[in-house]
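Trainee: Chains as they are written, first to last, in my numbering: chain A, 1 to 424; chain B, 1 to 310.
Source of the hints: derived by calculation from the structure; they are not laboratory data. All figures in this text were calculated on a predicted structure; none of them were measured in a lab. Warning: the hint list may mix true and false statements.
To be verified - Which residues of chain A face chain B? A few of them, derived with a C-beta cut under 7 Å, are: (1) Ala88; (2) Ala255; (3) Gly402.
Idealized CB from N, CA, C, for every residue including glycine.
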Amino acid sequence: MLNSSVMMRRLAIPVLAMLILVACGRSADSSGEGDGSQPAAESMGPATGEIQVWAMGAEGENLGVLADDFMAEFPDVTVVVTPVPWDAAHDRLVNAIAGGEVPDVSLIGTTWMGEFANLGGLDPTPSSVDPADFFEGAWNTTVVDGTSYGVPWYVETRLLYYRTDLAEAAGVTEPPANWDELKAMAQAIKDAGADYGISLQPGGTGAWQTFMPFFWQAGGEILDDGGSFTLDGEACVEALTYYDSYFEEGLSPTAATDTPVEGLFANGDVGSFISGPWMIAVVTDAGTDPATFTVAHQPTEASGTSFVGGGNMAVFADSDNKPAAWAFVEYLTRPEVQVKWFETVKDLPAVQSAWDDPALTDDEMLAAFGEQLSDAKAPPAVPNWEQVAAEIDSAIEQVTVGDMSPEDGCAAMQEQATSIGTGL
Amino acid sequence: MGGTTAKAVGTAGAASTAGRSRRRDELVAWSFALPFLLFFLVFMAGPIVVALVTSFTDLRVTDLRNPLSVDFVALENYVAVLGDQQFQKAAANTAVFVLFGIPLAMTLGLLAAVGLNQGIVKFRTVFRVGYYLPAVTSIVAIAVIWRLLLGSESGLVNGLLAGLGIDGPGWLTDERFALWSLIVMAAWRSLGFLMVIFLAGLQAIPQDLYEAAEVDGATRWQRFRSITLPLLRPTLLFGAVITSIGYLQFFEEPFVMTQGGPLDATLSIAMHAYNQFSFGNYGFTAALSYILFVAIALLTLFQFRLFRSE
């Protein structure tokens, strides 16, 4: 039997909760964004004092090199670099912003920009940064709802890797220029004896990064000018039908294989795949003779657009040393610093003029990446992008592996994306 | 009379002394309990209540800087969760995992326990340790090894099948087999734990019952059905409750081995909650978690009724 004091205690918690809720409620403007004013960095004051910088992965481990150079030029500033593992980075940044205990500067994954800017965590980019210095697709990853919050630091884009020896043996001597030629090459390589002509991602996390370029090439746009999703148009159906045909015709594996793609590529089981610049080293290490493979521009239909990703550098709204923080960020985007960074960790420069340096122009494969970067897009920097992307991944898998039609797949993407919303 | 009065006074004095000492005992007891109590209130009860409140709000990651500026949305999150197709898929997967996984694990555990209790005398310790080893091994290590075993081209299982002339499927990459592969793996993993529990239960059954039954001419099977099973009932209940609480929350297996794929075939409720949390849908995730909590409570209640001694 419950006695009354126990009852009282059991009621107390919900009642307390209700009291807290009474104090809740959204105000008319709860977006929490900055005021959008973008003063020039120089007008903020001199760069002095200490700044805390977070960076992930190899970038975090090596950023000290650039920090030392910076401190030599700005002796009044001390830069403290903290490496953060990529796995933990997102949550740590969310917690830091929520708690107001932020570093001054951090590397931010391009697809996180919308979320963090909308959370009110990032400082608008000062007007002294010229958007035209950067690749357009990369710059757009910093722009959330019309305001830029940071600068592109390094970029990556996706190209077609293919085995030139297998292609030549199959009678293909030129890189495929359009969808039909890409398909024909995959078919020819398979006919010549490879298990698969190409390896495209059938679904799972990040499949959208391989699929979206085809969507853009067919003339599609993820958002219209009014900020509504437009994923179910003719372009999507066309692109998804084309993408699906590789799986339907057995030109691409429909499930992840035990051997990673670089292994299959090295031993000739797979003739081609689409991926980023890091794969040059990976396929070479896997035993592919560098003379037997090359990279090529994405096939061109309405356009030859690829996906651009990478990392941005942003200053936090709660930073108490913004002058020094922005001075450091602007330093990182100088062309010569971008080249030095490329030489340090092989990250591709986001600043266009850095690509004139012989360190990049002398390498044919890298030059191809540079060329593709001027025709590369990123998804819109909206807070809910990661969730929308997961739905796109799922719809792609329903079509390529499951028995959903491309029309229904695009309709599913649109329906899910619309119900999730951009989050702005 | 006088003697009685004196006795009464004496009793009263003793009672007050006892009361004082009981109060002191109580104080000491509370002071021992206090460290746990504080931790429990701050790190368990607090978040549980906050999560309940959150489940009735539209809290998202973008509200974190002003968490009190969210709106109260009544049961909207619960309605959204129940109408979410991925949740329905995850709930169906979890139900299959529990309905087939638990009987499988319990049957195997019981077989191992009975075998070790009666039949196997040689190498008994070796078997006990062997069966129990998976229970104390990191689930991540197990998942990685099983992924190698179940690989579609170079996996050991398909290698053996190929020896028999059978072309094995992609155990983890084919949507028809992925969930069942995880069920078998989970049953194998919890077998050892259940075996230890059941062994303890078996050893508590008085030996003379078996002897009496044997004298009456009961067969091995009759002895098992009429003595072992009924007397093992409380132990079976304990095993079932503990295992189903774990199975309803199964997460590491798909997280490490399949990421919920292919085609969401191995997406569990806990994994769906994890995904939604990382998308920043805190209100939705809190509602989802409370639905899982209610499901666990209901299943436990059901098991208590099922195994209640007549």
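Trainee: If a hint holds in the structure, say so; if it does not, say that too.
Mentor: How the hints compare with the structure:
Proximity of A/Ala88 to chain B is violated relative to the hint, the smallest CB-CB distance being about 12 Å (cut-off 7 Å). Contact between A/Ala255 and chain B, as hinted, is supported at the beta carbon level, the nearest pair being about 4 Å apart and thus within 7 Å. A distance limit of 7 Å between C-beta atoms decides the matter here; for A/Gly402 the minimum to chain B is near 5 Å, and the interface restraint holds.
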